[in-house]
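Build out the structure end to end from the sequences listed, making use of the hints.
Chains as they are written, first to last, in the numbering used here: chain D, 2 to 120; chain V, 2 to 120.
The set of hints was computed from the structure by calculation and includes no laboratory data. You may find that some hints are simply not true.
[Said to hold, decoys possible] Pair ranges (Cβ atoms, derived):
(1) V:Gln65 with D:Glu110: 27 to 33 angstroms
(2) D:Thr34 with V:Gly114: 44 to 50 angstroms
(3) V:Ala41 with D:Arg98: 31 to 37 angstroms
(4) D:Gln94 with V:His113: 55 to 61 angstroms
(5) V:Asp5 with D:Gly58: 29 to 35 angstroms
(6) V:Phe40 with D:Lys49: 28 to 34 angstroms
(7) D:Pro39 with V:His113: 43 to 49 angstroms
(8) D:Gln94 with V:Lys109: 47 to 53 angstroms
(9) D:Glu93 with V:Gln65: 25 to 31 angstroms
(10) D:Ala41 with V:Lys111: 50 to 56 angstroms
(11) D:Pro45 with V:Glu105: 37 to 43 angstroms
[Unchecked claim] The list that follows gives simulated cross-link-like pairs (lysine to any residue, SDA-like), each with its CA atoms no further than 20 angstroms apart:
(12) D:Lys79 with D:Leu96
(13) V:Lys49 with V:Glu38
(14) D:Lys79 with V:Leu7
(15) V:Lys79 with D:Ser8
(16) D:Lys49 with V:Ser8
(17) D:Lys79 with V:Lys49
[To be verified] Away from chain D, derived, C-beta distances all over 12 angstroms, residues of chain V:
(18) Thr34
(19) Phe40
(20) Ile47
(21) Arg69
(22) Ala101
Don't be surprised by glycine CBs; every beta carbon is placed ideally from N, CA and C.
There are 2 protein chains.
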Amino acid sequence: MVADHLSVTFAALADPTRRAILARLTAGECSVTDLAEPFAMSMPAISKHLRVLERAGLVARGRQAQWRPCRINAAPLKEVAAWAESYRHIWEQRLDRLEAHLQELQAKEKSHGRKSRRK
Amino acid sequence: MVADHLSVTFAALADPTRRAILARLTAGECSVTDLAEPFAMSMPAISKHLRVLERAGLVARGRQAQWRPCRINAAPLKEVAAWAESYRHIWEQRLDRLEAHLQELQAKEKSHGRKSRRK
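Set out below in structure tokens:
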């Protein structure tokens, strides 16, 4: 079974090093050597992460023979954002319910306070 | 190494069946049996997917002994949306560049058209 595009993207993002690589690439394209530096990781380890990101279309490599710079391609992240945003009504519903519950509690608290004072 | 929260969430979302379960749960809570139905999947297979979603905090189970209804918890999806949205400037930059490139091409096309007519 071929994994669907969104699953491949999510799997690529399920790793803090790969997300850190993407964050680094927002500053501009750079070489694999530059990318490897802050991670204290071997070049093969970084290259493996890059291949996962490339397969998901999140990173593209330049075509220069000597220096194949890496750059971010944010198009799949736009899809991720759109997918997650489609659940906004669910998390907002929950906030609305929490707010309603809190107001109910506060109303009870007040009416209880009044009754206590009346005694 | 304990996987960070966002990695656990992305890994849970990297499967079309698990995303379909979440989509189903936006209609309201339901039993595992009801959830299994549209997927033509065995109950153990669905239960395994549910455990992955529960571990990521995307699904919560009710406490009734007989019937433990599943419900969606969209809070981790809000985090995913916020994370992906933080790259919006990158995908918008790219659209801006594409637009600028297109306008340049059209301008060249026009000036070329004028020169051709002058001949």
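Against which earlier hints does the structure fall short, listed by number upward? 5, 12, 17
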